[in-house]
Structures are given as C-alpha cells and as structure tokens.
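Visitor: Here the sequence shown is numbered in our numbering, starting from 1 and rising by one per residue.
If you are wondering where the hints come from, they were derived from the structure by calculation, not from laboratory data.
The reader is advised that the hints may include incorrect statements.
Listed below are the simulated DSBU-like cross-link pairs for lysine-lysine, each with C-alpha atoms no more than 30 Å apart in a straight line [said to hold, decoys possible]:
1. 9 x 50
2. 95 x 108
3. 125 x 138
4. 149 x 97
5. 77 x 90
6. 77 x 17
7. 11 x 37
8. 37 x 9
9. 97 x 77
10. 77 x 9
11. 95 x 149
12. 108 x 77
13. 97 x 108
14. 149 x 138
Each pair of labels, with its calculated beta carbon distance range [unchecked claim]:
15. 39 x 134: 36 to 44 Å
16. 134 x 28: 51 to 59 Å
17. 138 x 9: 40 to 48 Å
18. 39 x 101: 27 to 35 Å
19. 76 x 129: 26 to 34 Å
20. 45 x 119: 51 to 59 Å
21. 36 x 115: 30 to 38 Å
22. 43 x 80: 25 to 33 Å
23. 112 x 8: 39 to 47 Å
24. 54 x 76: 26 to 34 Å
25. 60 x 138: 52 to 60 Å
26. 43 x 143: 56 to 64 Å
Since we're looking at a predicted model, the values are computed, not measured.
All C-beta atoms, glycine included, are put in the ideal place defined by N, C-alpha and C.
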Amino acid sequence: MEPAHLFAKWKFTCDTKNNYYVCPGEHRLNYRTTDRKGYRQYASDPEYCKQCPMLAQCTHSRNHRKVLTRHIWENSKEWVRANRLSRDGKQLYRKRKETIERSFEDAKELHGFRHCRLRGLANVKEQALMTAAVQNMKKMAIHLDRLEKRGGSPLFLVLSTVQMKKRETQCPKDTGFSTI
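Put together the whole structure using the sequences plus the hints.
Guide: Below is the structure:
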C-alpha cells in the first residue's frame, strides 16, 4: 500500500498579523515557540484533529498534532521569491549568468579560486582581493582595447582621468574641501 500524501505547506494559510496558520480544514494552528535556529513553530489542537476528516492527509503523528515551522525571515524570503518570479526579476536572473556567474567561473578556472593557496583568513582575503584586482585590470584592458578599435585614444582617456584626480587633490584649503 502506498503511503498517503500529506498536504504541502503552501496549502496552509499564514496570517502573519495575528501569528497563526489556518489548515485546509479551516482550523487554526497557533504559535507555540521559536527554536534557536529562528524557526517559529505552529501546532494544531490534537482534540480537534482527532475528529477531522482530513487527518490522514494532514499528519501521520500518533498524537494527532500537525506542527508547521516558519523562519523569522520568511516574509523577506517570500518578497525576494516574488520579485525573482516577476517579469523584471526573470530578466535580471537571466542576465546573471552573463555577468556575475561568468566572473566567478573566471576566478575559479583561471585564477585558482577552486582551492585557496594559503591558510588563514587574512591570506584568503588577500588572495580574493588580488584575484578581483586582476579581473578588474583585465576588464579595463578589454575596454581600452575596444575604445581604441573604435577610433578613440585610450591614452587620452587615461591622461584626462589623471588630470582630473590632480585637480581634485589641489583644492584650496580655505574652501573646506578635504584633499586626497
């Protein structure tokens, strides 16, 4: 005999304002406690559940009590999930593989990010920063190369940026601007 399938958690309605769940049989599961990991527990009244016609679909518990858990950050997780499943969220998620995931893959495959070469938090941070610096330099080199191919002068771009930085550091002292 195949075991009966239990109701999924989404079949229970959550009332976050009054802090309880409602089961498919229209009975409340009241808040009971919060564990150390941040999960709130909601439990049904076993006296009501004993007579419920949906008991076999709800729980296999010997004491006829259904217990649901909900993390304290579940509201935020639901907001993120809804945002990800929206039209704009799906477009951004598709773009992720072209931007963020490619950067991690590059670090892993080309820069030894699969395993840390050194031990200790400070050394691992240093390796991560050096990898990020190398990746940024590669991006800058690619961008300057594309600019040069389009007819722009990368040297002009670099020199104009240096000139701007010089002007920023040479602010008169009486203006109240800090120097870098």
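Visitor: Each hint needs a verdict: does it hold in this structure or not?
Guide: A quick look at each hint next to the structure:
Restraint check: the Cα-Cα separation between residue 9 and residue 50 comes to about 20 Å, which is no more than 30 Å; the hinted pair holds. About 20 Å separates the Cα atoms of residue 95 and residue 108, which keeps this hinted pair within 30 Å; it holds. Note on residue 125 and residue 138: the hinted pairing holds, with a Cα-Cα distance of about 20 Å set against a maximum of 30 Å. For a cut-off of 30 Å, the pair hint linking residue 149 to residue 97 stands: about 27 Å separates their Cα positions.
Proposed proximity of residue 77 and residue 90 is supported: the alpha carbons are some 16 Å apart, at most 30 Å. With a CA separation close to 17 Å, the supplied pair residue 77 and residue 17 stays within the 30 Å bound. Using a Cα cut-off of 30 Å, the hinted pair residue 11 and residue 37 holds, with the two alpha carbons roughly 24 Å apart. Distance check on the hinted pair: residue 37 and residue 9 sit about 19 Å apart at the alpha-carbon level, within 30 Å; holds.
For the suggested pair residue 97 and residue 77, the alpha carbons sit about 22 Å apart, so the restraint of at most 30 Å is met. Straight-line distance between C-alpha atoms of residue 77 and residue 9 comes to about 15 Å, which keeps the hinted pair within the 30 Å bound. Only pairs whose Cα atoms come within 30 Å are accepted, and residue 95 paired with residue 149 is accepted, the gap being roughly 26 Å. Restraint check for residue 108 and residue 77: the C-alpha separation of about 29 Å stays at or below 30 Å, so the hint holds.
For the hint pairing residue 97 with residue 108, the CA-to-CA distance comes to about 15 Å; that is within 30 Å, so the pair holds. Straight-line distance between C-alpha atoms of residue 149 and residue 138 comes to about 17 Å, which keeps the hinted pair within the 30 Å bound. Checked against the given bound of 36 to 44 Å, the beta carbons of residue 39 and residue 134, roughly 42 Å apart, stay inside it. Look at residue 134 against residue 28: about 58 Å separates their beta carbons, and that is inside 51 to 59 Å.
Judged by the Cβ atoms, the range 40 to 48 Å given for residue 138 and residue 9 holds: they are separated by roughly 46 Å. Our hint of 27 to 35 Å for residue 39 and residue 101 holds, since their Cβ atoms are close to 31 Å apart. For the pair residue 76 and residue 129, the beta carbons lie near 30 Å from each other, so the given range of 26 to 34 Å is met. At roughly 55 Å, the beta-carbon separation of residue 45 and residue 119 lies within the given 51 to 59 Å, and the hint holds.
Take residue 36 and residue 115: their Cβ atoms lie about 33 Å apart, and the range 30 to 38 Å holds. Taken as a hint, the range 25 to 33 Å holds for the pair residue 43 and residue 80, whose Cβ atoms sit roughly 27 Å apart. Roughly 44 Å separates the CB atoms of residue 112 and residue 8, a value that falls within the hinted 39 to 47 Å. Checked against the given bound of 26 to 34 Å, the beta carbons of residue 54 and residue 76, roughly 31 Å apart, stay inside it.
Checked against the given bound of 52 to 60 Å, the beta carbons of residue 60 and residue 138, roughly 57 Å apart, stay inside it. Remark: the range hint 56 to 64 Å for residue 43 to residue 143 is upheld by a beta-carbon distance near 59 Å.
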